[in-house]
Amino acid sequence: MIIPLLILATLPQSGLAWSQSIWPLIRDAGVTSTPSRSCATYYRSSFTPLCSSKQDEEMSPLSLSSPETSKPSSSSASSSSSSSSPIFSEEDISKFCKGTNAFWKGLVIEPVRNYVEIRQGGPDSPTDIFSKLIAPPEVPGLSRPVWFTVLGSVPTALGWYGYYKFSVEEELFQHELQTNENGYVSGCGGYGTLFPFVFGILLGFPLSLLHVPGGELILQSAGLWILAGQVNLYRRVNELCFDDEAVRKELLSGLTLPGEAKENNNDPEPPLHAWWALLPPPLDVVVGLRQVHFLSEYWRIVRGDPYDKDIIAEELFPFISSKRFTLKEFVRKPSNWFWFTTNMKDFDNIDILKD
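All the letters of the sequence shown, read from the start, carry residue numbers -17 to -1, 1 to 338 under mature numbering (1 follows the signal peptide of the UniProt record, and there is no 0).
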């Protein structure tokens, strides 16, 4: 595990510049890569949305990029439209996501659709482990800690993780529909995210095995689709963590890396590097586990559920729940890796690992 980390961490900044170059493309496509602080809407134990302030709405990326609020003067329109106007508007992206979700939902048999239909969370939400493992998605989303996700995924050879992926995507899709005043969404939901990948594998694998032209292309397209969806999921989790000041403070304030004082995190960063989804294992697994943890904690807070320590994320593998770190920080701080390395000295004296 350590060898690929050392190789990646010792790359010069220019060697990782490609990762930064994709964000202007994402931004120009109408999807922001930075957390949105625009919406103070979240749920408490009563599951009643709280309204955001008018000032927050006016400062949101949605309102700034909407046709109603982004009307440049005639003198500057010609010079700025080509450089600052997004390729696709928020509305265009939302229509694409909704259409994709509806199309793939229509291909799923009715009994399955009825079973996994989104439900309103409340007193009837499952509490025991087995019921929660097979529960349909809810809004607000169910809290699924890392230990719980591992418990469902390992015995099923990651089969249950597919259901986890479907559920969290569908919960975020419905959450955006319910909390965004304009009803815009920025993800394709459980149906639109998971099923293109599943159908692509089921169709592409036998075609590729039989050397039928197009089989490899279908497989590669399926992989690219699920990878793009994963990057987008991490982006949206970052936004959720900054959606409300009270949630942000409870979720992120006080997070540190080993050897740091809590006072150093008065201005917390988003918990995930979304582009790490593009990195090879184990780094893509690192950010994936962090996504599971922080999304679970977000839903726990907004649902008003009591805190329950996640022994895997907070004790056995402390990097899952710590403050966000760079590649070099991850490599040079073995004290943040595993429970049995917490007393190891950090590699702060190695020049190539310094930021």
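Hints in this document: simulated from the structure, not taken from any laboratory.
Since the model is a prediction, treat every value here as computed from it, not as a measurement.
Each hint should be verified, as a subset may be incorrect.
[To be verified] In silico lysine-lysine, BS3-like type, Cα no more than 27 Å apart, as pairs:
1. Lys115 <-> Lys88
2. Lys115 <-> Lys78
3. Lys115 <-> Lys337
4. Lys148 <-> Lys337
5. Lys115 <-> Lys148
6. Lys232 <-> Lys306
7. Lys306 <-> Lys292
Which numbered hints are broken by the structure, listed smallest first?
2, 3, 4
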